[in-house]
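Number of protein chains: 4
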Amino acid sequence: MKALVYGGPGQKSWTDVPDPKILQPTDAIVRVDTTTICGTDLHILKGDVPAVEAGRILGHEGVGTVTQVGSSVTALKTGDRVIISCIKSCGHCANCRKGLYSHCLGDEGSSGIGWIFGHLIDGTQAEFVRVPYADNSLHLLPQGVSDDEAVMLSDILPTGFEIGVQYGAVQPGDVVAVIGAGPVGLAAMATAGLYGAATIIAIDTDRNRLDQATGFGATDAVLSGTGTWRQQVLDLTDGAGVDVAIEAVGIPETFGMALDIVRPGGRVANVGVHGKPVNLHLEDLWIRNINISMGLVNANSTPMLLKLVAQKKIPAERFATHHFPLEKIMDAYDTFSHAAETKALKVVLNR
Amino acid sequence: MKALVYGGPGQKSWTDVPDPKILQPTDAIVRVDTTTICGTDLHILKGDVPAVEAGRILGHEGVGTVTQVGSSVTALKTGDRVIISCIKSCGHCANCRKGLYSHCLGDEGSSGIGWIFGHLIDGTQAEFVRVPYADNSLHLLPQGVSDDEAVMLSDILPTGFEIGVQYGAVQPGDVVAVIGAGPVGLAAMATAGLYGAATIIAIDTDRNRLDQATGFGATDAVLSGTGTWRQQVLDLTDGAGVDVAIEAVGIPETFGMALDIVRPGGRVANVGVHGKPVNLHLEDLWIRNINISMGLVNANSTPMLLKLVAQKKIPAERFATHHFPLEKIMDAYDTFSHAAETKALKVVLNR
Amino acid sequence: MKALVYGGPGQKSWTDVPDPKILQPTDAIVRVDTTTICGTDLHILKGDVPAVEAGRILGHEGVGTVTQVGSSVTALKTGDRVIISCIKSCGHCANCRKGLYSHCLGDEGSSGIGWIFGHLIDGTQAEFVRVPYADNSLHLLPQGVSDDEAVMLSDILPTGFEIGVQYGAVQPGDVVAVIGAGPVGLAAMATAGLYGAATIIAIDTDRNRLDQATGFGATDAVLSGTGTWRQQVLDLTDGAGVDVAIEAVGIPETFGMALDIVRPGGRVANVGVHGKPVNLHLEDLWIRNINISMGLVNANSTPMLLKLVAQKKIPAERFATHHFPLEKIMDAYDTFSHAAETKALKVVLNR
Amino acid sequence: MKALVYGGPGQKSWTDVPDPKILQPTDAIVRVDTTTICGTDLHILKGDVPAVEAGRILGHEGVGTVTQVGSSVTALKTGDRVIISCIKSCGHCANCRKGLYSHCLGDEGSSGIGWIFGHLIDGTQAEFVRVPYADNSLHLLPQGVSDDEAVMLSDILPTGFEIGVQYGAVQPGDVVAVIGAGPVGLAAMATAGLYGAATIIAIDTDRNRLDQATGFGATDAVLSGTGTWRQQVLDLTDGAGVDVAIEAVGIPETFGMALDIVRPGGRVANVGVHGKPVNLHLEDLWIRNINISMGLVNANSTPMLLKLVAQKKIPAERFATHHFPLEKIMDAYDTFSHAAETKALKVVLNR
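Protein chains in written order, with the numbering used here: chain A, 1 to 351; chain Y, 1 to 351; chain C, 1 to 351; chain X, 1 to 351.
Extracted from the complex, chain A is given alone in its bound form (with noise of 0.2 angstroms):
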């Protein structure tokens, strides 16, 4: 079959690759039928995850059709429509019988982290994609949801909402800022309005993604990068700050931000994937009574955020900007990696 496969730093290739094959009795081999690219995949390629090695397809989010199914698998059969979650779960270890699916302790990764796929196994920029433990790591689609809907489900509208809105710990009335309009920020302020918040602020340095947050849920819009931004950010408060930030970007800087804003009491979520240390101001925000979350995305809610997108409740279509044939995805690639100038939000490739 053809893979889009890692060479190392620098180095990517769409070519020709033996196809998988069932390695355990809870194995399910998937024809991908759409997938699409994330921003860690744009990571991987710069050399910032020395753990995938050359060698590996990439990919970790994808909607296909199952072709064959281990001996244990039970809940699947061929031919059924599949989303693959970007977590892996084993089911039993003790990290999965508490819903923490992203530090799995099962066999497969041999790792403690449920994120796998074009990780430390093959990924979803395939033809075909074994996934372990199937029976908890795809989910079946009902009629309906389109393969452009059902993508979104594979990460970022479960990482928006798990480690945005969830750990954020949303509540009815709150104001909640999002710091980041890019795929996973406006994935928080798509389901943000799930717990009741009454106010969604995106917050961005692009005017572009802000006007396309309010299709996303986003209620106002502040432009940063302007030495009013947090007056304006306070100004849609009592005063005091937000109840909730969600650090959506991954830099020191909007990392900062999100404390910058936050009330008393509040909570500040951080999604963005970070590559440097930040500097936490613990001396004057010992009593300030805030809580600081972050992490991988474990999937648990995809079967509850599924239902909402096959009732259109939650605008999932809206994010894939760009199309192109599964074999053009060289040009995918970079389409996506200059976002700002294609306007790019998600690109989504089709079989």
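Simulated from the structure, these hints should not be mistaken for lab results. In this text the structure is predicted, and so the values were computed from the model without any measurement. It cannot be assumed that every hint is accurate.
Just so you know, same-sequence chains aren't split out, so a pair can sit in one copy or run between any two.
[Said to hold, decoys possible] Below, a list of computed lysine-lysine pairs in the DSBU-like style, where the Cα atoms sit at most 35 angstroms apart:
1) Lys312 <-> Lys276
2) Lys12 <-> Lys98
3) Lys328 <-> Lys307
4) Lys46 <-> Lys343
5) Lys307 <-> Lys77
6) Lys98 <-> Lys21
7) Lys313 <-> Lys343
8) Lys328 <-> Lys343
9) Lys98 <-> Lys77
10) Lys21 <-> Lys77
11) Lys98 <-> Lys343
12) Lys21 <-> Lys276
13) Lys77 <-> Lys312
14) Lys98 <-> Lys312
15) Lys328 <-> Lys313
16) Lys276 <-> Lys343
17) Lys312 <-> Lys343
18) Lys12 <-> Lys77
19) Lys98 <-> Lys313
20) Lys21 <-> Lys313
Once you have looked at the hints, place chains Y, C and X on chain A.
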């Protein structure tokens, strides 16, 4: 009356001052029968808390007897024996209604902070003290609870419990590490069992304090400042780290230690009062699903803790290592500020 | 002044009574600008609530203007426009500190119950009313909220939200059924979305009320009293039953209906005021992991709901189907007590 | 092999049956080293549980040694010493993902119920047993835990803890009453301290059982069936009632007792297995903000409880009042079914 008056950095005196008077209908005047000294008082004396002005009477902990009540005080009367909470609460602002007394917005102190005694208004290291919002800020003391026990409920027991144990979300079966076996760290150890902690690890650089820790509920003790301390802690877990790490010192090193021993999905509860920023390694932590909390005590658990102290289920009296008459408070400060040599935990002053 | 005075079972009159006076430093006097009638008032008039004595002014809902405040009232002043909460809260008893205002132990009413207006003290169906614990029991009304909207926040909106939606522990994606599409049932429907309910099923025997329900957030409507109603409800779920069933009628049949449609692991939230015991089939239910809640509103969500009403996110005004001047309150009672014919939801009385 | 086989109402025999075989790749075969008898087994023998067919091997509690595993079992191997959970869990159905193992929808048993041993499939009162979903339904037994301790973790300890203490939402400082001091009631008493219960009141009609209760954590004992029992309970509270009442008998009288002693805002946790409906006085209760829970154990707390048993923090061994060799199980049933005279709590059968 006599009181311990702050005279600017490095200066204090036990001196004559005017008696306090009822200023608001919600006030009470309390005769101080027992008070104590907090590490924060030492910080103030160093000049580290600029909000404290020269002339301020210090102290935010105390047990006493009501001598006068304002016209709208209904829960108390002259002669009642009471605990003075270190936190005032107006009872009707938005924060008080949520239980966030630490950030009470009521008029007294006018600063959005619940800690005002010995900070923004005159404190408890005096013969008498004016207590604003008396119905909410004083707790009736039942028969059978000594002053020595009761004064630990003004601040240290609720601080260790709320900011350490509750913010740390201790759950039955958890492994909890407490870094720093001073009064507040010991208070966290003494109350971690209220949520079923299975293993309570005391960590300190001082062998004497570790020895004391077992009397407060620690099941294990690890001497830090050694090359193997971290491995010793991990050996007391399943190898993945502690469920909850409580920081009760307030310096960058100990905050870093907490992050070094917490498991994926675990919680770090900062109780220490910090004077410097810390370097937060978000580039490693973002993926670990760690939660970091911090804050000033709300003291909303005081009535519950008082019940347990009355039942002798919390060893409150054990904190009182040294006693002085109130008029010898200058000597008491001397003993408390040399805790390493005097082995003082709490220095108690009785009328 | 004039007031609606209860004269014993079956008797009421709009008559002259003395003006209310400040009795405690925590009191305020409020001129009633808008009030309304509750189903409970009809129960009282039937003689079903023996605690209400002849001579009592009825009514526990209202919006008005402060005309006088006691000496310790700090959050309000003469001229302030306020919502009168149906629940008084002293702010310092053990129950108020836990947010359980419904069982406030404060002196006023002396009965351990938070609902005292038109019950244990004189109520709001009058030109003026004395409000105890004014700082806690009145809510400042912002510009842009009409009296018609605001008066729904005295009782029905917090009751539907707290006792239906919050006690029912509605979660994102849930299927919620509300049995009874009267004012409080509609209030539950109007607020179930604050916790992300995916499907909100209105169930009633009255087709007119079902038609109205969609304007309050219901996604589906089922006419009960038919042989197929239960199957219709189950067809809107995965077949196992609803996640949350909210009972908003108050008779044994409807309580039984709630238990008949709830899934294993689901919740039944009773909001209805019952006059008879019900038969609970514990022989079937014990194994089903059902939770049953019930209670009087605490009205601690009122400030949050007010914010959402101000943002026009809750259709509060839509409850006000009929209007009368205050002095025509006898006619208003007539209209409200024949709701089936008049199609009245809430009958609003304006000064 | 030999097994205890149900022969229809009133009939049982210790007789020869075929050895169990692996039927699914997720199965294990376990040699039963220790088992015990549950009150439910007596109900089955009376014919009260029609789903149990003649020919069924009884028993749902046990400790044993793995003798064979299916091809997809990864967490266990031959020779492992294990606890057999009374609840099977497929690990991937919607209910298992929520931790609601009691209503596992997996194929085995096909009934949406997690309790299948000795009910819908053959049970543990036999020399060998087939265990479906072995990775999830068996727990590895560490060194230092005896069979007598471990067998209490199959059912009674998690039942008392989850359905009594957790569903009852016990909180630090609470007054908890447990009605019924049989094995499951005692298990609730033994684990109520994990959430900081301050007072644990054992209530029973049998003086002997009350005497035993203090060994399991009860702080107070009240003999019921007397005219003053209720007042005695209230005297152990602030007068308003207990915070949590746990019903562990299963008859209408005791359920009514629970409601009679619970405070406004309190919780009633039903653990008893009921055979008849109860009369619920909603006309009094609707206003009292009571929560009523009930259910079959999920056994998702077993790993945590096992840890505490291993630390000797739960007196598990104390339940084992009588011992028999497995082949004398007919005698053991005789002893257990006359518990009032024999003073049996749990009758343990060893290989």
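Requested in this report: Go through the copies and call it for Lys328 and Lys343: within, between, both or neither, with a Cα cutoff of 35 angstroms.
Outcome: For Lys328 and Lys343, the Cα distance is within 35 angstroms only inside one copy (19 angstroms; across copies 62 angstroms).
Query raised in the report: Given a CA cutoff of 35 angstroms, do Lys12 and Lys98 count as a within-copy pair, a between-copy pair, both, or neither?
Result: Cα proximity of Lys12 and Lys98: none, with 37 angstroms in one copy and 40 angstroms across.
**Report entry** Homo-oligomer pair classification [Lys307, Lys328; C-alpha up to 35 angstroms]
**Finding:** Result: close within a single copy only, 31 angstroms intra versus 50 angstroms inter.
Query raised in the report: Is it within, between, both, or neither for Lys98 and Lys21, if the alpha carbons may be no more than 35 angstroms apart?
Result: This pair counts as both: shortest intra-copy Cα distance 30 angstroms, inter-copy 31 angstroms.
**Report entry** Lys312 and Lys343: within-copy, between-copy, both or neither at 35 angstroms Cα
**Finding:** This pair counts as both: shortest intra-copy Cα distance 24 angstroms, inter-copy 33 angstroms.
Query - Status of Lys312 relative to Lys98 across identical chains (alpha carbons, at most 35 angstroms) - result: Both: 30 angstroms inside a chain and 24 angstroms across chains, each within 35 angstroms.
**Report entry** Within, between, both or neither, where Lys328 and Lys313 count as close if Cα-Cα is 35 angstroms or less
**Finding:** Classified as within: same-chain Cα gap 32 angstroms, cross-chain 45 angstroms, threshold 35 angstroms.
Query raised in the report: Taking 35 angstroms as the upper bound on the Cα-Cα distance, should Lys313 and Lys343 be classified as within, between, both, or neither?
Result: Answer is both; intra-copy 24 angstroms and inter-copy 32 angstroms each pass.
Query raised in the report: Are the CA atoms of Lys98 and Lys343 at most 35 angstroms apart within a copy, between copies, both, or neither?
Result: Result: close neither inside a copy nor across copies, 39 angstroms intra and 39 angstroms inter.
Query raised in the report: Quick one: Lys21 to Lys313, C-alpha cut-off 35 angstroms, is that within a copy, between copies, both, or neither?
Result: Neither: 38 angstroms inside a chain and 48 angstroms across chains, both beyond 35 angstroms.
Query raised in the report: Between the shortest in-copy and the shortest cross-copy C-alpha distance, which are at most 35 angstroms for Lys307 and Lys77: within, between, both, or neither?
Result: Within one copy only: 21 angstroms inside a chain, 39 angstroms across chains, cut-off 35 angstroms.
**Report entry** Alpha-carbon proximity between Lys276 and Lys343, which holds within one copy, between copies, both or neither at 35 angstroms
**Finding:** Intra 26 angstroms, inter 41 angstroms, cutoff 35 angstroms: intra-copy only.
Hint check: violations occur at hints 1, 2, 11, 12, 20; the rest are consistent with the structure.
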